[in-house]
Amino acid sequence: MSAYPGQEGLRAPLKVARGNGASGTGVPHWWVQRVTAVALIPLSIWFLFLVGGLLHATYPEVLASIAQPVHAILLIVLSVCLFWHGALGLQVVIEDYVHTRWLELTLQIALRFGASLAALACVMAVLSVWLTGTGYY
Amino acid sequence: MPNTRPLSPHLGIYRWRVNMLQSTLHRLTGLFLSLGALLVAWSLIAAATSGTAWDVFAGFCGSWIGMILLFLWTWSLLFHLCNGCYHLLHDMGRDFGPPRRDRTHAPVYWKTGVGVIAASIVLTVLVWIILLVRIGGGAA
Chain Y
1 MSAYPGQEGL
11 RAPLKVARGN
21 GASGTGVPHW
31 WVQRVTAVAL
41 IPLSIWFLFL
51 VGGLLHATYP
61 EVLASIAQPV
71 HAILLIVLSV
81 CLFWHGALGL
91 QVVIEDYVHT
101 RWLELTLQIA
111 LRFGASLAAL
121 ACVMAVLSVW
131 LTGTGYY
Chain U
1 MPNTRPLSPH
11 LGIYRWRVNM
21 LQSTLHRLTG
31 LFLSLGALLV
41 AWSLIAAATS
51 GTAWDVFAGF
61 CGSWIGMILL
71 FLWTWSLLFH
81 LCNGCYHLLH
91 DMGRDFGPPR
101 RDRTHAPVYW
111 KTGVGVIAAS
121 IVLTVLVWII
131 LLVRIGGGAA
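Going down the list, the sequences are from chains Y and U.
Take the first sequence: its position 94, counting from 1, is numbered 94 in my numbering, and each next residue is one higher.
Take the second sequence: its position 111, counting from 1, is numbered 111 in my numbering, and each next residue is one higher.
Calculated from the structure, these hints are not laboratory results.
Now the stretches of chain U that chain Y is said to cover, found in silico as 3 or more residues with beta-carbon under 8 Å:
#1 29-35
#2 127-135
Negatives, chain U to chain Y, calculated, CB over 12 Å:
#3 18
#4 19
#5 95
#6 115
#7 117
#8 121
C-beta: ideal position from N, C-alpha, C; glycine also.
The shape of chain U in the complex, shown without the other chains:
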């Protein structure tokens, strides 16, 4: 039986806050990282199969599309990691008290939300600078 009953007002009625972006990104990066988990499985199975299978895997990772995907996976992992740690702090009751949600001041989760996103980007750039230096050093 189709549900014809009216819905309550949904996402559109809320003012934009950074935690909406965090929540959406957490789910999207989680979905993307599930694909990354399959890449991990591919690497281990390829390593256990043969040198040829490993070369196919390594060739994919070294290709342009592979490098772009690996970069996105790095950021997804680091964002999911940073935001996940923040989730765990929330689970312990951090930043939930009334003074923390006072609208006359900027609630603390605005700053921490921007901080989490910024930290994930900075860490990703840092990881890839190190990786590219290593790649450059290895090729030379």
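Isolated chain Y (complex conformation):
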């Protein structure tokens, strides 16, 4: 028997290592995380000011604020960057701490579905307020 799992006889462990090593991907993950981070610097500061300005706003005032074209576009960009950046970060956290394969896979898929769904819902909500002025109805 060999000391290495998967090694039979004189075959080198490299035989089973093929395809299990460096994935050959990951650079886009790194870059998208940085690009969304850079985008989120001004967006999150702007968002703090937006929220601060809406502290005592009534519901119609909130709708009017979201429906301003500049606010609507920035909210859409913010939503996409926010959930993309968050999903990339949570992906690494799951990779680091969840070592049960089926659970890790389930969480990774749920994360992608959840983040996409949330970002899409935000975009649709802003668009509906912006374009109809009254929300979904």
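Using the hints provided, position chain U relative to the given structure of chain Y.
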């Protein structure tokens, strides 16, 4: 097949440095801000749904638990922002040269690390002083 092979010495062998706290806080605030992102989604969906849905959301934000969470979210955002900017400077190669890591002097990242944490706290207090003044002004 369970991995029974020995592990190399891990976190316990290192002397405590402020960048360990930064690294841990960056990840923890990132996790917490992911929940905050869901609050943003809730607010936009509530605004698009109806006045009643918005009132439920606004009621949550105005409650004590909501205020405490919003305060923690503010600090999390500002820390993640300050530390993230510092991360981006690191990505450009700042503070990595040999003289910067000289142990006989205090490496530059000790001071900047404390500075980043201090800045996030000062900014959070500043934001909430402004917010509370506005809340007080609006209620009066």
